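**Q** Heads up: the sequence lines are chains A and B, in that order. Once you know that position 187 of the first sequence is 187 in UniProt numbering, the rest is easy, because the numbers rise by one and skip nothing. Once you know that position 129 of the second sequence is 129 in UniProt numbering, the rest is easy, because the numbers rise by one and skip nothing.
Honestly, the hints are just simulated from the structure, not real lab data. Don't take every hint at face value.
Here are the simulated DSSO-like pairs of lysine-lysine, each with C-alpha atoms no more than 27 Å apart in a straight line [unchecked claim]:
{"no.": "1", "chain 1": "A", "residue 1": "LYS285", "chain 2": "B", "residue 2": "LYS319"}
{"no.": "2", "chain 1": "A", "residue 1": "LYS202", "chain 2": "B", "residue 2": "LYS12"}
{"no.": "3", "chain 1": "A", "residue 1": "LYS204", "chain 2": "B", "residue 2": "LYS319"}
{"no.": "4", "chain 1": "A", "residue 1": "LYS158", "chain 2": "A", "residue 2": "LYS202"}
{"no.": "5", "chain 1": "B", "residue 1": "LYS100", "chain 2": "A", "residue 2": "LYS278"}
{"no.": "6", "chain 1": "B", "residue 1": "LYS100", "chain 2": "A", "residue 2": "LYS202"}
Fair warning: this is a prediction, and the values are worked out from it, not measured in the lab.
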Amino acid sequence: MSLKIIVLAKQVPDTRNVGKDAMKEDGTINRAALPAIFNPEDLNALEQALRLKDAYPGTTVTLLTMGPGRAAEIIREGLYRGADDGYLLTDRAFAGADTLATSYALATAIKKIGDYDIIIGGRQAIDGDTAQVGPQVAEKLGLTQVTYAEEILNVDEKNRSITVKRHIDGGVETVEGPLPIVITVNGSAAPCRPRNAKLVMKYKRALGAQEKAPAPACHPEGVSALSYPELYEKRPYLNIQEWSVADVNGDLAQCGLSGSPTKVKAIQNIVFQAKESKTLTGSDKDVEDLIVELLANHTIG
Amino acid sequence: MANYYTDIPELKYHLNNPMMERICELKERNYRDKEEFDYAPQDYADAMDSFDKVLEITGEITGEIIAPNAEGVDEEGPHCANGRVEYASGTKQNLDAMVKAGLNGMTMPRRFGGLNFPITPYTMCAEIVAAADAGFGNIWSLQDCIETLYEFGNEDQHSRFIPRICAGETMSMDLTEPDAGSDLQSVMLKATFDEKENCWLLNGVKRFITNGDADLHLVLARSEEGTKDGRGLSMFIYDKRQGGVDVRRIENKLGIHGSPTCELVYKNAKAELCGDRKLGLIKYVMALMNGARLGIAAQSVGLSQAAYNEGLAYAKERKQFGKAIIEFPAVYDMLSIMKAKLDAGRALLYQTSRYVDIYKALEDIARERKLTLEERQEQKKYAKLADSFTPLAKGMNSEYANQNAYDCIQIHGGSGFMLEYACQRIYRDARITSIYEGTTQLQTVAAIRYVTNGSYLATIREFETIPCSPEMEPLKARLVEMANKFEACMNKVKEAQNQELLDFVARRLMEMAADCIMAHLLIQDATKAPGLFAKSAVVYLNYAEAEVEKHCSFINSFNADELTSYRQ
Numbered sequence: 001m002s003l004k005i006i007v008l009a010k011q012v013p014d015t016r017n018v019g020k021d022a023m024k025e026d027g028t029i030n031r032a033a034l035p036a037i038f039n040p041e042d043l044n045a046l047e048q049a050l051r052l053k054d055a056y057p058g059t060t061v062t063l064l065t066m067g068p069g070r071a072a073e074i075i076r077e078g079l080y081r082g083a084d085d086g087y088l089l090t091d092r093a094f095a096g097a098d099t100l101a102t103s104y105a106l107a108t109a110i111k112k113i114g115d116y117d118i119i120i121g122g123r124q125a126i127d128g129d130t131a132q133v134g135p136q137v138a139e140k141l142g143l144t145q146v147t148y149a150e151e152i153l154n155v156d157e158k159n160r161s162i163t164v165k166r167h168i169d170g171g172v173e174t175v176e177g178p179l180p181i182v183i184t185v186n187g188s189a190a191p192c193r194p195r196n197a198k199l200v201m202k203y204k205r206a207l208g209a210q211e212k213a214p215a216p217a218c219h220p221e222g223v224s225a226l227s228y229p230e231l232y233e234k235r236p237y238l239n240i241q242e243w244s245v246a247d248v249n250g251d252l253a254q255c256g257l258s259g260s261p262t263k264v265k266a267i268q269n270i271v272f273q274a275k276e277s278k279t280l281t282g283s284d285k286d287v288e289d290l291i292v293e294l295l296a297n298h299t300i301g
Numbered sequence: 001m002a003n004y005y006t007d008i009p010e011l012k013y014h015l016n017n018p019m020m021e022r023i024c025e026l027k028e029r030n031y032r033d034k035e036e037f038d039y040a041p042q043d044y045a046d047a048m049d050s051f052d053k054v055l056e057i058t059g060e061i062t063g064e065i066i067a068p069n070a071e072g073v074d075e076e077g078p079h080c081a082n083g084r085v086e087y088a089s090g091t092k093q094n095l096d097a098m099v100k101a102g103l104n105g106m107t108m109p110r111r112f113g114g115l116n117f118p119i120t121p122y123t124m125c126a127e128i129v130a131a132a133d134a135g136f137g138n139i140w141s142l143q144d145c146i147e148t149l150y151e152f153g154n155e156d157q158h159s160r161f162i163p164r165i166c167a168g169e170t171m172s173m174d175l176t177e178p179d180a181g182s183d184l185q186s187v188m189l190k191a192t193f194d195e196k197e198n199c200w201l202l203n204g205v206k207r208f209i210t211n212g213d214a215d216l217h218l219v220l221a222r223s224e225e226g227t228k229d230g231r232g233l234s235m236f237i238y239d240k241r242q243g244g245v246d247v248r249r250i251e252n253k254l255g256i257h258g259s260p261t262c263e264l265v266y267k268n269a270k271a272e273l274c275g276d277r278k279l280g281l282i283k284y285v286m287a288l289m290n291g292a293r294l295g296i297a298a299q300s301v302g303l304s305q306a307a308y309n310e311g312l313a314y315a316k317e318r319k320q321f322g323k324a325i326i327e328f329p330a331v332y333d334m335l336s337i338m339k340a341k342l343d344a345g346r347a348l349l350y351q352t353s354r355y356v357d358i359y360k361a362l363e364d365i366a367r368e369r370k371l372t373l374e375e376r377q378e379q380k381k382y383a384k385l386a387d388s389f390t391p392l393a394k395g396m397n398s399e400y401a402n403q404n405a406y407d408c409i410q411i412h413g414g415s416g417f418m419l420e421y422a423c424q425r426i427y428r429d430a431r432i433t434s435i436y437e438g439t440t441q442l443q444t445v446a447a448i449r450y451v452t453n454g455s456y457l458a459t460i461r462e463f464e465t466i467p468c469s470p471e472m473e474p475l476k477a478r479l480v481e482m483a484n485k486f487e488a489c490m491n492k493v494k495e496a497q498n499q500e501l502l503d504f505v506a507r508r509l510m511e512m513a514a515d516c517i518m519a520h521l522l523i524q525d526a527t528k529a530p531g532l533f534a535k536s537a538v539v540y541l542n543y544a545e546a547e548v549e550k551h552c553s554f555i556n557s558f559n560a561d562e563l564t565s566y567r568q
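Put together the whole structure using the sequences plus the hints.
**A** Pasting the structure below:
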């Protein structure tokens with residue numbers, strides 16, 4: 001049995017280690033100060049997809065991501081680990097999307113891809129923490145969904161069904177659902193495998209159309225010439241496919257800012273300002289007092 | 001998140017050595033693989049970029065998987081059940097990650113599934129892995145045994161075995177026996193040819209076999225009945241799928257707990273001959289050991305780096321008498337010399353690996369076509385340099401790893417004696433490096449002929465002609481004086497024409513040569529990258545100068561008659 005799997009992945013600012021300049025004056029994220037990374041739980045999702053590919057030869061894994069031109073990096077990271085190909089949804093009209101517009105765009109692209117058995121993504125992205133996109137994609141496509149997945153236990157070819165272990169409060173449960181299906185994966189699932197040496201060497205020059213375009217002269221680093229331009233004709237897999245709103249037959253009104261009913265009411269810029277440092281000894285009392293204090297101000301609990 | 005490659009800029013510096021251009025050109029046969037293999041490099045720049053990216057993968061796996069597992073692996077260790085080895089759970093995870101990342105069979109040709117990497121970037125990976133878990137380093141690095149099978153096995157063996165190693169199966173080299181340690185000529189494991197089965201059968205016992213339950217073994221055995229010396233030994237390939245070799249026990253060791261050291265029992269184990277009969281020890285094991293020695297040198301440098309990192313972090317953090325202890329001269333003295341030995345030893349390691357790369361690549365080309373006269377001369381030159389540098393790299397780096405691990409604990413004070421800190425594991429793990437694959441004393445035996453035949457001195461004199469930066473000039477002038485002292489000592493000992501005296505002071509002469517060579521390499525490095533190496537060049541030269549003076553003083557005032565006071 002071979003499966004067709006689409007992995008939903010997002011490039012996010014690394015919000016796990018934020019410094020004082022992580023936010024701009026207006027309260028939006030200062031993307032320049034934070035490195036752009038593969039959303040961690042999307043990596044867990046990719047691993048589940050790759051395990052299915054290992055188990056069922058002939059299975060294909062396709063990445064789908066939405067973002068600016070540089071988000072092609074997400075596709076490359078997927079290719080380095082064993083994905084077969086990927087699509088980058090990129091268009092100014094997609095910008096400023098909330099979860100509704102994002103899931104609309106993704107669902108539209110998935111319809112364009114057409115042939116799929118499993119759509120899998122991380123539970124949530126670390127920049128928004130909504131956990132809404134996966135479920136909304138399922139609703140828009142009219143598919144069953146399994147959220148908080150920890151492990152795909154089995155795929156039954158005859159009955160076209162899938163068995164998934166999912167994380168619930170205080171334990172796990174095993175559920176079964178029909179294919180095609182949408183699955184969102186929890187961070188407690190297996191970590192993603194490392195990049196593979198041969199695949200990195202094979203795909204390291206894979207670029208999206210925007211990345212391939214020469215940088216304008218005003219760009220601080222100047223014009224960057226494309227190295228080995230002839231390779232892109234000889235090796236089609238080095239061209240990462242980019243899709244605009246028109247390419248996926250999207251309705252402009254439902255995309256990006258215009259398709260996003262979410263309105264930000266206010267942004268509070270909270271800055272932790274530690275006035276003084278505290279020196280603790282290793283004594284039980286100091287440790288205990290610290291725990292009590294952290295519990296009292298809800299830092300832990 | 002730690003990346004054991006990108007966090008150490010010295011590694012990239014050594015990767016970018018200009019000799020790499022020639023190495024890549026030879027290894028890639030002018031980049032002929034690019035049409036056939038989608039992961040082959042287009043040109044030199046592309047090859048170097050690929051090495052860099054693969055080292056980054058190794059550094060990431062080491063930082064995120066191997067390093068966090070190291071403490072658990074050290075505690076849990078492998079187990080022996082039903083004649084088989086079960087790795088510690090962390091070891092299994094480490095190996096799985098390395099295999100999935102495609103980091104096995106790195107140096108093998110692409111037609112067998114390898115990456116066709118030169119020895120130098122492979123050795124860097126070995127150093128990186130060992131810095132986090134030296135014991136796991138053994139299991140992973142034993143893949144370089146495949147070099148020997150590639151060099152001496154036939155096409156049929158290549159096609160059956162090499163792809164399996166590239167796919168992640170592990171190897172071992174079964175040499176040592178209870179009565180044949182340093183003296184491998186006394187190996188007794190019996191190989192008899194079975195006419196009915198049309199194969200060789202192995203019977204006997206091997207001891208102290210690292211990763212003894214590996215998938216593929218290279219076995220040294222006595223194929224010539226009635227012989228007693230090295231000329232009766234041949235090399236065999238034992239495939240675990242054939243069965244016949246069981247693990248009797250796993251040794252309980254001071255360090256490198258993750259690496260299973262096995263006692264093996266061979267009962268009619270089917271094996272096949274690798275290469276020609278009778279050349280097992282005198283040719284094939286010598287080649288195998290040279291590769292393994294470079295591997296231990298890399299492991300030692302990794303351990304030195306780990307010791308330095310732990311010592312530095314503790315010294316910055318630990319406060320006594322109202323300030324961080326790193327501010328006390330007694331402490332920064334220790335740290336600076338650790339760093340200098342690390343930088344010097346690493347420079348020697350990669351200089352050696354580059355020599356090995358050039359001569360091995362040419363040797364491999366010679367299997368395809370006749371070498372030109374220039375190529376033959378080049379091959380000979382670098383083979384000799386590699387042979388002379390390998391015992392220095394192994395001998396000096398393993399001693400430095402031990403010294404650095406000792407100082408690392410010293411910096412930690414009482415805490416260093418407690419098992420909670422990583423430094424004690426580094427100390428235990430480092431201890432074996434100056435013993436296995438030939439003790440330092442045996443490295444000296446291998447090195448001394450290059451002292452007496454003037455090879456080291458010639459190399460040192462050649463280094464003296466390489467221009468250096470104005471800042472390094474005064475150091476170089478002192479270094480010339482050091483070389484003069486080495487030359488004088490060497491001549492004095494040679495003139496005495498007393499073999500026992502030569503053997504007795506051999507270690508000192510070898511160290512004098514190594515000190516001069518490493519100081520030169522550091523001066524060259526500090527000329528090219530003063531930000532990385534200028535401090536170490538100064539510190540190391542001060543240290544090496546005093547070392548040379550010490551040995552010189554000893555040899556000058558030593559009277560051969562005094563040997564009677566030493567004999568026990």
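**Q** If a hint holds in the structure, say so; if it does not, say that too.
**A** Against the structure, the hints come out as follows:
1. A:LYS285 x B:LYS319: holds (22 Å)
2. A:LYS202 x B:LYS12: holds (22 Å)
3. A:LYS204 x B:LYS319: Cα-Cα ~47 Å, so violated.
4. A:LYS158 x A:LYS202: Violated, because 36 Å separates the two Cα atoms, which is more than 27 Å.
5. B:LYS100 x A:LYS278: violated (45 Å)
6. B:LYS100 x A:LYS202: holds (16 Å)
Figure legend: structure checked against the earlier numbered hints; hints not met, in rising order: 3, 4 and 5.
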